[in-house]
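Participant: Residue numbers (our numbering), protein chains in the order written: chain A, 1 to 363; chain B, 1 to 363.
Since the hints were made in silico from the structure, they are not lab data. Values in this document were obtained by computation on a predicted structure and should not be read as measured data. Ideal placement from N, C-alpha and C gives every residue a C-beta, glycine not left out. Be careful, since some hints might not be right.
In silico EDC-like pairs for lysine to aspartate or glutamate, Cα to Cα no more than 16 Å straight-line [as the list claims (entries may be wrong)]:
| hint | chain 1 | residue 1 | chain 2 | residue 2 |
| --- | --- | --- | --- | --- |
| 1 | A | LYS297 | B | GLU304 |
| 2 | A | LYS282 | B | ASP274 |
| 3 | A | LYS33 | A | GLU59 |
| 4 | B | LYS282 | A | ASP274 |
So, partial list: chain B residues that the calculated Cβ filter (under 10 Å) puts toward chain A [as the list claims (entries may be wrong)]:
| hint | residue |
| --- | --- |
| 5 | GLU59 |
| 6 | ASN144 |
| 7 | VAL180 |
| 8 | GLN256 |
| 9 | ASP274 |
Number of protein chains: 2
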Amino acid sequence: MNRRTFLRNVSVASSALPIVSPALAAMSSPAKKLGVALVGLGRYAEYMAYQMKECQYCEFRGLVTGTPSKAESWSKEYNIPEKNRYNYQNFDQIKDNPDVDIVYVILPNAMHKEFTIRAAKAKKHVIVEKPMALNPAECVEMMNACRENGVQLAVGYRLHFEPYNLEMKRLGQEKVFGPVRIVETSLGYFSGQAGEWRLNKKLAGGGPLMNLGVYCIQAGRYITGEDPMAVTAQFGPVLRKALFSEVEESITWQMQFPSGAICTSTTTCAAGIDRLYASAEKGHFELSPAISYGPFKGRSTNGEMDFPQINQQAAQMDAISKLLLDNQPIPDHIGGLEGWKDMKVIEAVYKAARTQTKVSITY
Amino acid sequence: MNRRTFLRNVSVASSALPIVSPALAAMSSPAKKLGVALVGLGRYAEYMAYQMKECQYCEFRGLVTGTPSKAESWSKEYNIPEKNRYNYQNFDQIKDNPDVDIVYVILPNAMHKEFTIRAAKAKKHVIVEKPMALNPAECVEMMNACRENGVQLAVGYRLHFEPYNLEMKRLGQEKVFGPVRIVETSLGYFSGQAGEWRLNKKLAGGGPLMNLGVYCIQAGRYITGEDPMAVTAQFGPVLRKALFSEVEESITWQMQFPSGAICTSTTTCAAGIDRLYASAEKGHFELSPAISYGPFKGRSTNGEMDFPQINQQAAQMDAISKLLLDNQPIPDHIGGLEGWKDMKVIEAVYKAARTQTKVSITY
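One chain only, chain A, in its complex shape:
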């Protein structure tokens, strides 16, 4: 499949979400851009703001931070007027700010629920970074708040806009090599620094499973097009006991799907790993790197894959913004329901590891 075929098929694979590459988008010039406020100015927010410079349907216009010095320096760099700067206390006043259409929550996991609900009450559409929250119940509260306030909710699932992953999804769901039997997908980075919120159980809700493993759960689900019905799981060894006293350093788990497919995964802070492999009855397809920010490499039984390496963040933000501009609903596979399902799986994986039993999942 070449670039041309890809562009023709991608609207099918991504359920009619437009992929806006900078080159394509430059050909049109949308009249209106939506304004985005970033809540939380950590490392990923920094990357997001930078990548959004290439967006055609939205722009970075507001910020919310608890650190005045950050408000200052970011505002200079991105030309954010004083009236579009908030802290965690006065954030609710964003309701009266017509510059901001979308609030993007990129806070520690434990704060996702509160700020999603406050944004919804301020009548702003919400994008919340993955994992959606700490547990499925929080996800339900968040979805309810958005529905009740007439705003839309999306989860920051950037890979649903990434050509190599969309191709993996297509090969799996369209059964190009027959039914998928085995998915192997793992993600890890050698990481962990004293004081980091990701090592704090109360703020993060868990270790790498919350942060990285959720991508593997996603991949298993979008390749099979199914939701796992049962999981088994095993905590890995704790090599750095002082750092990983509250959350796991490594975890392995296995998901069983209704079709009989299985997906095995590892996520870890003890080593780097970034891969996605699927074996179907008549062939296989794989990415490595698969989940990071690329550049991706992919191949299948039919040969090497050749897709454009895109700006994932800009593609995600443009696709969501275009839907909102067109008054279209956010599709389920990047919406709250998807985030809730992933949280159901994460909850089951932790329970399976803790109890050393197979845990069934009902949705």
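Start from chain A and add chain B according to the hints.
Facilitator: Relative to chain A, chain B alone:
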């Protein structure tokens, strides 16, 4: 590492076993070749006989089969004289046959023990195909029989003579990228035909774990240089219930090593999969294909691997024959002890899957 460096290092990596590539071997001409009798003339024996044509230190000289028509056709093709043909009843007379130095047992797993012991009593050195037997106790009996009869015992671990796998072993055991944290290795083929002995519990002892999974156990062990201390495991779904009524169709398992490394694996008859990946603290290294008969492809954090694609069977047979010719002991990593350890792991994996508990292994 290029071919030259490889050839310099390979003797270290393989514990001083000589790798004899046809090109190299052609330069010398050993005075004596050992005679090999193949016991069981199934598909792998067929391949082995063919590949052995390139051996420099041994040759195919005798056969043992229960099927007279096979004895006839094979003898024609390989010029095996009548006096070197046996059936399962008169096999013990091989004791008096000076043409045969090595008996290679390539029978269904359930017959490995009996024919290894009978060969040992006939004072022939024995090579037994993997998995060594049905359980660890049988392995001990086999080792005892060989010791008592003053003959040597090797297991047909062909990958210990294969350059790409030896490089994986070197990168892992020499900690080239720091300590290994994660190994992922899986092997599967879409396979299973009614009547096949591999689907018969009594003859095979188990399903793909016995036949294919043993390679993954080996890989986890030779990359870490350690023996797993505990395993967890999960039977996969049974997609073809009629075929897989006695043995598993798929199984996933996880091995924990004393250093804290983990190895996750899948083996299956439901789809093709053939890969070996290791992640260490400072880099990764992988093969895909990894375990089959090649051609192998490998890469690491340092780039693509480039080694000769060799005749694995000839390399294995020549290396073992050279040791026997030189009156050197078969090293542990291809000997009975290695086969016994793998059977200990296999036994623990089945127990873990059956009982859904973590199973410790003591050696």
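Participant: Hint by hint, say whether it matches the structure.
Facilitator: We went through each hint and held it up to the structure:
no., hint, in the structure
1, A:LYS297 / B:GLU304, "14 Å, holds"
2, A:LYS282 / B:ASP274, "14 Å, holds"
3, A:LYS33 / A:GLU59, "6 Å, holds"
4, B:LYS282 / A:ASP274, "14 Å, holds"
5, GLU59, "38 Å, violated"
6, ASN144, "36 Å, violated"
7, VAL180, "8 Å, holds"
8, GLN256, "7 Å, holds"
9, ASP274, "9 Å, holds"
Checked against the numbered hints listed earlier, the structure breaks hints 5 and 6; every other hint is satisfied.
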